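> Fit chains B and C to the known structure of chain A by using the hints.
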Amino acid sequence: MADSPAPLLQLRSLGVSYGRGIEELRAVDTLDLDLAGRECLGVVGESGSGKTQLLLALLGLNGPAARLSGSIRYRGMELVGASSAQLASIRGRRIALVSQDPMSALNPYLRIATQLTEGARRHLQLGRRAALARAAELLALVQIDAPSERLRCYPHELSGGMRQRVTIAMALMCDPEILLLDEPTTALDVTVQAHVLELLRAVRARTGVATLMVTHDLGALASMANRVAVMYGGRLVELASAQQLYTAPRHPYTAGLLRSLPRLDQPLPARLPVIGGQPPDLADLPKGCAFSPRCPLVHARCASSPQLRAFPDGHLLACHYEGTPSQVAGAWT
Amino acid sequence: MRRTRPGALVAAALLALIVAAALLVPALSPYDYATPVWTKIFSGPSVSGGHLFGTDSLGRDLLVRVMWGCRISLLVGIAASLISVVIGVCWGALAGYAGGRLDGVLMRTVDVLYAVPFIPFVIVLEVAFGRNFLMVFIAIGAVSWLDIARIVRGQTLAICEQEYIEAARALGVRTTTMIRRHVLPNLIGLVAAYATLAIPGVILFEALLSFLGLGVHPPLASLGSLVAEGANEMQANPYLLIIPAAFLATIILCLNRLGDALRDALDPRHEEDGHG
Amino acid sequence: MNSPADNAPLLDVRNLRVQYRARGRGPAGPRAAAVDGVSFSLAAGESLGLVGESGSGKSSIARALLRLIPATGTAVFQGRDLLQLHGAALRAAREHIQIVFQDPLGALDPRMTVAELVAEPLLEFRSAQSRQHRELVLAMLTRTGLGPELAARYPHQLSGGQAQRVGLARALILRPQLLVCDEPVAALDVSIRSQIANLLCDMRSELGLALLFIAHDLATVRFLCDRVLVLFGGRLIEEAPRDALYGAPQHPYTRALLAANPLPDPARPPQPPVPAPAVARDAALRESPATRAGCAYRERCPLAVARCAQEAPALRRVGASLVSCHRAGE
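Residue numbers (our numbering), protein chains in the order written: chain A, 4 to 336; chain B, 31 to 306; chain C, 24 to 353.
Bound conformation, chain A alone:
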C-alpha cells in the first residue's frame, strides 16, 4: 500500500468541552492533527493535557456530558456528530484500541477465544471456525506459544505481559487501519514493557497499521513513534519528527520534560532537574499560554495564547519564544 496523499485521519480544530459558560472546561482545544497511513504518531502529555479525551473523541466515547466541536475525518468520513451506528461500524473494525490495563480490558468470565472472536464475527461476519483460526493466527503474530491452547484459557490464567499481547491481538482481529494505543506499557514491568514494545514494532512492520500512541512516557515512546505531538493544557504545543523532538525540542515544556527524566545512561546529578509547579488544572487554566506559570522563558507576551507556527523543516511549535533549541535547553540550566 503506497502512502496516500490524503491523511488517514484528519483532525481540524477539534474541541472537547464540558459544562457551559464560565464553568466551561476545555479538555481538548482547537486541535489540528493528521495521521498518515503506516506512520506511528505519538501523543505525549501529563494529566490534564487532554490526551485521553482526544483518544476518546477518536472513538466517539467521550460520553453524553462532553461537547465535541470541529472535525475528525476518517478517510473523508466525518466522525464528529456521526450516528452511534456509524461509529460502531468503525470502532473495532477500522479503528481499534489497546487500553492501558490489560486486566480490565478482558472480561474475566470469558475464555480468550470468545473475546478474541467476538469482534471479528460481528464486523467481518466470520463463522466460528474461521474466526478461531484467525484468532490463533493473531496469537502467533503476537508471539504467544501454543496459541490454540491459550485460546481455551481465561484471562487470569495468563501473566500480565501475555494479557497485553492478547489485547493487542484482539485489536488486530478485524485488520484495522488505525491502532490506538492508550499507555500500552504503563501497567507492565520494565522487562515485559520492553518485550511488548518490541512486539508492537514487529506488528507494525508486518501489518503497516497506522498507529496513534498516547502516553506520558517519553522513554517508551522513543522507540515507537515516527512523529511526536506534545500536548499541554488541552492544546498541541509541539509536533515534530521523533528524531527532532527528542534531540532538539523547541518548546520549553518538551525540553524540560526530557530533561527531568532520570536517566541511567548519564552521570548521576546531585539533584534531578525538575519542572516546577503543578500540571495544569483544566478547570482553571492560566490566561494565555498554559505553560507560562512553569516556564523559564516566560515573558509579557505569554499573556496571549501563542499560535501554532511551522518551521521550514515541518516542526510545529506553539510558543512565542524565537530562540534556537539550544537556547531553549539553556534556559533550563
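Rather than coming from a laboratory, the hints here were simulated on the basis of the structure. Small disclaimer: the values here were computed from a predicted structure and weren't measured. Heads up, a few of these hints could be off.
[Stated by the list, open to error] Simulated coverage check for chain C against chain A, where a stretch passes if three residues somewhere in it have a Cβ under 8 Å from a Cβ of chain A:
1. 105–115
2. 179–190
3. 218–226
4. 237–244
5. 270–283
[To be verified] Derived coverage of chain A by chain C (criterion: at least 3 residues anywhere in the stretch with Cβ under 8 Å from a Cβ of chain C; other residues may be distant):
6. 76–89
7. 219–232
Glycine included, every Cβ here is placed at the ideal spot set by N, Cα and C.
Same frame as chain A, but now just chains B and C:
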C-alpha cells in the same frame, strides 16, 4: 457538579410547608378528625362550603383528616427509619469491621430474618400483642433495618479496604479512634442519604399495612388508610382518593429528592468543585 | 527507648517470610511465598533501594515491616523484634517508622483537610497542644513545598504531586528514624516525579532519615539510594552498593532490568531480555517449581544450565555484589 440543586430546595420547601400544615391545620380548624357529621356526608371540595377538600363517608372534614394522616405517616416514617438506621448501622458496621466468624453469625441472622414473610409476620405480631400503634413501628422497623445492615456492612468493608485505613494503621492509630475518625465519617454520607430514602419506603410500608387494615385504628387516619378509604369510593367521589394519594406521592417524591441531594452534599468530593 | 549499640544497624531483617493464603489471583498451581526468606540490614541514615517487578515481593516486605500483613522471621529495629511486638509496644515502635504509599490520593482520608491529615500523627503521639501542633503542621507544609493556603483543602482538591507531598509531610512530622517509601513516584506525572525525588533526598539529609525505597524505576533508585537490593520471585538475588550495581550488575536478571529500561532516545530502543535458551525450557526444568528447588529465574534466564534447576543458588560475593546465581562471575 452543581453545589445547590434547585430541585432539592423546592423539595425541602414543599416538605416544610406540608409539615407546617400538618401541625397547624388540625389545631386551627373548627372540625374534628373523628366526629361523624351525618348531615354533610360526601360534600365535594369547595371553598364556600367550608370544607376545602370536602368530606368523607361519615361527613368528616377531609382536610383535617389528611393533615392528621400526614402527621401519622411522617411520624411512623421518621421514627421507624430512626429505629432501623440505629440497629442497621450498629449491626452492619460491627459485622463489616470485625469480619470473620462474628460477621458470619450477624449476616446469617439477617438472611434468616429476610426469609420471614412480612405480612404473616405482622398478622402474628398483632394477634399476639394486640393491635396498637406501637406494633406498627416495631413491625416496620424489624423489617427495614435488614437492608441498612447489609448496605452498611458492604460499605464498611469497602472503607476498610481503602489505603487510607492502612495508612492510619501504619501510623499507629488505635482501633476505637480509627472507627471514630476514619470509618464512621466516611459512612455518614451513605447512612444519612439512605435514612432519608428509607423514610418514604417506611411510609409506603405503613400505607400498605393500613390499606390491608393492619395499620392504624380508625378513626385515626394515616395517608395509607385514607387512600384505602378513598379507593372504596373511587367512582362516585374520586377526590377522596386523589387528595390523600397526591399528598402521599408529594411527600415521597420530596424525600427522595432530598435524600439524593443530601448524599451529594455530604460527599466532600462534591462540594466546592469548580474553583481551585 | 533503649538506644542501640553504635555499630548495630537500625534495622536488621533476617529470613523474612510472607505467605499469602492460596486464594489469590495469579497463575494456577502451588502458590509460593510472596517473600521467601529475605535478609538485609539498614544502617541509621542509610538509603536502601528495593527493586523488582510486580510479584517480586518488594511491597510485601514493606507491609510486613509495618505489621500490616503477617510475616515470620525477625526484624530487629532499635533492639526489638518488630514482628514480635504487640499492643502498646507496637504502637510505640510505629512512631519511628513511617510509610509513604504509592497512590497519593488513596492514602489520604477524603473527609479530612490537609491540615488535619498532617496533624493526625501528632494527635496520636504527642500531647494535645493544638497551638503548637498548628505551628508544626504549617512548618512541615512549608518544608514540603505546600503553601499555607492548601491547609484547608480536601485531598480531592489537590494535584497528585501535592497529595504526595501531604503524604510525605504526614510521614515526616513525627521525625521518624526510618521512612519506608512504597513506589512513591510511580503514580505521579513525569514532570512531578523529580520534584518528589528531590524533596525526599533533601528531607533525608535534613532529618538524618534512613530510607527504604521501593520502586521498579531504576533511575530514581539510582538517584536516591546508597545500596540496592534486587528481588525476584520473593527472593533476594543481588545486593550491591549503588555504583557497583549500576556499573557492573552480576545477576542476569539485574542486567535484563537495566537493559530494558527505556531511554528517551529514538536511536536506542530498550533491549528486551534475551529469551531463555532451549535448555531452560526443557520440560524437566519447568516441572520443578512445585518443590521450589532450583533458581526461580531459570525459566527466563539466558544463562541457565541444568544445575540451575536442581539447586537453588546461595548468596555469594562476586565483585562488590552479593549475588545468588550459579553462573555469576564466570
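> All hints, please: hold or fail.
Hints, verified against the model:
Given a C-beta distance limit of less than 8 Å, the hint that chain A covers the segment 105–115 of chain C is violated, as 0 residues qualify and 3 are needed. Figure legend: the segment 179–190 of chain C, annotated as covered by chain A; annotation consistent (4 residues with Cβ-Cβ distances under 8 Å, at least 3 required). With a cut-off of 8 Å between beta carbons, the segment 218–226 of chain C has 4 residues touching chain A; three or more are needed, and the interface restraint holds. Given a C-beta distance limit of less than 8 Å, the hint that chain A covers the segment 237–244 of chain C holds, as 5 residues qualify and 3 suffice.
Coverage of the segment 270–283 of chain C by chain A holds. Counting CB-CB distances below 8 Å, 5 residues qualify, and the rule asks for three or more. Here the segment 76–89 of chain A counts 0 residues with a CB under 8 Å from a CB of chain C, which misses the bar of 3, and the coverage is violated. Counting residues of the segment 219–232 of chain A whose beta carbon lies closer than 8 Å to any beta carbon of chain C gives 8, which reaches the threshold of three, so the coverage claim holds.
Violated hints, in rising order: 1 and 6; the structure is consistent with all others.
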